[in-house]
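K.L.:
So the chains spell out like this:
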Amino acid sequence: MNLEFIGKCLLIETEGRRILVVGDLHLGYEEYLNRTGVFVGREMFKEVLNYFESVFAETGNVDEVVFLGDVKHDFGKMMRQEVNDVEELFSYILQKCRRIVVVRGNHDAILEPILRVIENTELRESYCVGEVCFFHGNKKSEEVENKKIKFWIMGHGHPAVKLSEPGGVKREKFKCFLKGRFKGREVLIVPSFFEGNEGSDPRENDLGFAFDFNLNKFEVLIVGENLEVFEFGPLSRL
Amino acid sequence: MKGNIEFVKENDGKEIERILHPLVREWFFSKFEDFSLTQLYGVKRINDRRNILVSAATGGTKTLTAFLSILNYLVTLSLKNELENKVYAVYCSPLKALSNDVAVNLISPLREISGLAEKKNLKMQEIRVGLRTGDTETKERVKMLKKVPHILVTTPETLAIVLTSRKFVEHLEKLEYLVVDEVHALTNKRGVYLSLTLERLSAMCLFEPVRIGLSATISPLEEIAKFLVGSERDCLIADVKLVKGIDISLNFPGENILEAESSESQKELYKILDGIVEKYRTTLIFTNTRNAAERVIHHLESRFRGKYQGLLGAHHSSMSKDKRFEIEERLRKGELKAVISSTSLELGIDIGSIDFVVLLKSPKSVARALQRIGRAGHKLHDNPKGMFIVLDRDDLVECGVLMKGMVEKKIDGADIPKNALDVLAQQIYGMAITKVWNVDEMLRIIRKSYCYESLTKEDFFSVVSYLAGDYALEHRHVYAKIWYDLEKGEIGKKGKLARVIYMTNLGTIPSESFIRVVVSSPEERKGLEIGKIDEGFLERMKRGDVFVLGGQKYQYLYSRGMKAYVKADISKNPTIPSWFSEMLPLSFDSAVEVGKFRKFVSERMKDKKDCVDFIKTYLYCDGNVALEIYEYFDEQRKFSKIPDCERLLVEKFKEEKEYLVFHSVYGRRVNDALSRAYGYAAARIRTRDVEVGISDNGFFIAGEKLDEKKIIDFVNSKNILEILKESIERSDILKRRFRHCAGRSLMILRNYKGREKSAGRQQVHSEFLYSSVKKISNEFCILREARREVMEDLMDIENAKKVLKLIDLNKIKVEVVRTPLVSPFGLGLVTQGRTDLIKMEDKAKFLKRMHELHLKIIEGKKDI
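Just so you know, the sequences run in chain order A and B. The first sequence runs 1 to 238 under our numbering. The second sequence runs 1 to 864 under our numbering.
The set of hints was computed from the structure by calculation and includes no laboratory data. Virtual Cβ for every residue (Gly too), placed ideally from N, Cα, C. Check before you lean on any hint, since a few could be wrong.
[Claimed, not checked] Just a few of them, taken from the derived set where beta-carbon distance is under 7 Å, the chain A residues facing chain B:
1) G37
2) V38
3) K162
4) S164
5) V169
6) K170
7) E225
8) F232
[Said to hold, decoys possible] A few chain A positions that, by computed beta-carbon distances, are all more than 10 Å from chain B:
9) M1
10) I6
11) A109
12) P113
13) T121
14) G130
15) N146
16) L163
17) F174
18) E186
[To be verified] Chain A stretches covered by chain B per the calculated footprint, using a threshold of three residues with CB under 8 Å from any CB of chain B:
19) 39-48
20) 135-144
Please put together the full structure from these sequences, using the hints given.
P.N.:
And the structure:
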């Protein structure tokens, strides 16, 4: 398996397929806020499209795009506008790949009816390709824990880390990948694609995985601007 | 047209007697020996239907002053059987508890008068008093529609609701009296809001109701009077000088105040408190914060086991209404020896007779100190008695100066926010709900309020445009709260839910959701909640950071939901500056007095005895206090220099970071502005983030490297406004305040479509909200309001400009000295200042720099 970090996304080559992996998207966050009586603009969707534009400029067309769950933010009902957004995003992405696979996250119950009508799109509990298994990360399952699986790729946790300079005053939080091992498998946790916030620092927050990872031993790869990713070594040493 | 403001003197008692109906007169003299001074000032003017502001220290008889004429009028009508089914008088008070109180105080006089009438076989109609607050049940409200209260007792928020309730409004059309109590507590956005509500109310009345304002000691009275009546109406001012003398002293526990935090002085502190509580029948202790109030009770109870069982009570605003009411009731009955209050008992709730008031730590202004101590000697002719007890030397000096102000009656001036666009948005919405408005008419009514007399058309229309959903373009339907017809020049409400949304979301007090700080270790204190911090502060903290909260050090471990878990008993130094909830600022006037005092003392330092004597006379304090102050100044003088009102001392020293401590004694609000301007300069010069810490006595800038000369030269009175605008864009404070403004302007609804959001659900990340709105427009009206609020209300840009002007003219000299470490005067400032960051370095650049640093560290390790 070959692996490349493209900003917040991941490009994997395995079994002769090039697969682009996308973390939790939380589409419709602004609409959700509107529904609960908060005045915010509708800017995020445009930004999502722009980001994908730059990712595909880097990777070119791929075979498949895998969404690691939580494509939609809200659990509740979906408005027309939001259905349109999902359709628009997926039809855009389908121009760049042959097939979309969405693994189900805890926010996705509502997606099923729409995905059913979009061609070349599939919703699954988890998705395994050879030794690699993609899944959300909030639940255990037999398929995921099958012995032949050597790589786990998951979302859900929204990992991010706070950086500060010794003696300095600046502190910033950055989205990051976390890469480590668990029970003989390699685990890669993908940051959220969602731009509403950076995410949670595993040193301070419980990321809510169904597995007892020792995240302190995981390697931190911070997502910077212009699709760059920076290696920072193990979390415990940060 | 400008209204006339006129100060008046007291009337003759005979004149007032003549006004009163014989029945009312008889009742009055059966209860009181004579008219109080306040009544001599006010009753006749109110009877003459003149607008009046009555300012008197607490302990006066203000409430009855306001109501005597009104009761007299209503009794006269009722005896003639001419009382109509309408509201004659609205009494509005910012305190819910107080409204209860007045209802009781009105009802019993009325009952007594009607009893008297009955004895004389006089037929009298019933005079009804109705209490309406947020807690009033629907049943009661419905009853009020039929049997309209002649006197309506209410709060600013509920009054606004009343104005939008279709049916009740009819009963207000012939309102004759409008009483606003506790005006001094309304020099904030809540007051701004009320000022517009009053204009709306006046506008819907067939004739102008008389406005009567009641206030504790406050300054400047002319401005407060205009605030009460609006810019166009006349107003009389009764400045009732009730209190002849004040019995106040200043004390600190222990022989040396430096030890005030030690267990020895803690012991001493409680010995002093115990002595006071024992000596007086009832003592009231003010602590400024809720946590301190709880702590004092805890210590008194545990140190004097059994002695105070059931005799002490706490009273603060985060207690439930019932609990507070119970404490007030027990106070009135004289069942409590002492009550410990954060600030909540400052206002005029009747709490019976208090014999002694303790001010633990500085109350931050002369007016507030007077108000607090005024709670003692509530009986008219007693002098209020009290004591300042301070725990650090800055507080000792500050309270000394406040005490001088109290004795000499130098009241510091209050500021009232102007042209607040968030409050305006809420009120325009409220107005639109009641009818279709002609735009010019609406603007005319708004401008009648003192707080909006200079409102520009542009600002007005920017708010109308926001409410009409213009910014939302294709999603207009989601946001539009009103419609605006440009051609006809008309405004009206939009949506069937408008009234409900308005009624369930109005108000100006921001609903903040704080992160609760909970102890996780040591085991014996596990689960103990020690205080609250802001979400933004938590964002800035990293696991392992040591911070100060409530005077104690804690190490941050992790967070879950709305809780942050920490380790207590930490001996390491703080790694991140402390976060303080926005504390009461020392008023500019009082701070300047501290600066003057410093100058007078430093000129006399050579002769110790002479100097100590001077301090004693100047501050009206005792020899111990004077000596302690002398020694504090002497230490500073030997270590560095004494900063004063003409010498702005800047001390530079280095710890892990470089520090510049500016000893600018101008109060927190001015220092807030100055620190961010100089801080911006520091950050700009090196393109690095810097930290600023703000206190009443100065501020500090901390960063990797600070070029003091360049920094000081960067800022002047002409460019500060521009610099400050830039600077606050890069800080957390603007985002935090923006969220408050977003709430007030109904951009965030607490209550929407029947769903009340819990604090957690309401928690829209301020960062997200802010950047989202910035994308709509950087000049969005509520964003501009947040900037105005930060610069004018939170900070004091006007006085900051004045200070810089004096620096430009070299009337204040800026002197830089290097010190090996923080100076005695700087110590409190550096350890206690509220802090913020000024972000200059780009996030992406910072990441690259950190990565390079990381690689270097790895390389270094490989070499070894």
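K.L.:
Give a verdict on every hint.
P.N.:
Hint check results:
1. G37: holds (3 Å)
2. V38: Since the shortest Cβ distance to chain B is 5 Å, the answer is holds.
3. K162: At 5 Å from the nearest chain B Cβ, A/K162 passes the 7 Å test, so the hint holds.
4. S164: At about 6 Å, which falls below the 7 Å cut-off, the nearest Cβ of chain B leaves the hint on A/S164 intact, so it holds.
5. V169: At 4 Å from the nearest chain B Cβ, A/V169 passes the 7 Å test, so the hint holds.
6. K170: Holds, because the Cβ-Cβ distance from A/K170 to chain B comes to roughly 4 Å (cut-off 7 Å).
7. E225: holds (4 Å)
8. F232: Holds, about 6 Å.
9. M1: holds (26 Å)
10. I6: The claim stands: A/I6 keeps its Cβ more than 10 Å from every Cβ of chain B (closest is about 17 Å).
11. A109: holds (20 Å)
12. P113: holds (24 Å)
13. T121: Check passes; 27 Å lies beyond 10 Å.
14. G130: holds (33 Å)
15. N146: holds (33 Å)
16. L163: violated (5 Å)
17. F174: Given that some Cβ of chain B is not farther than 10 Å from that of A/F174, nearest at about 6 Å, it is violated.
18. E186: Check passes; 22 Å lies beyond 10 Å.
19. 39-48: Answer holds; 5 residues pass the 8 Å Cβ test.
20. 135-144: Our answer is that it is violated, as 0 residues pass the Cβ test (under 8 Å) against chain B, missing three.
In the structure shown, a violation is registered for the earlier hints numbered 16, 17 and 20, in ascending order.
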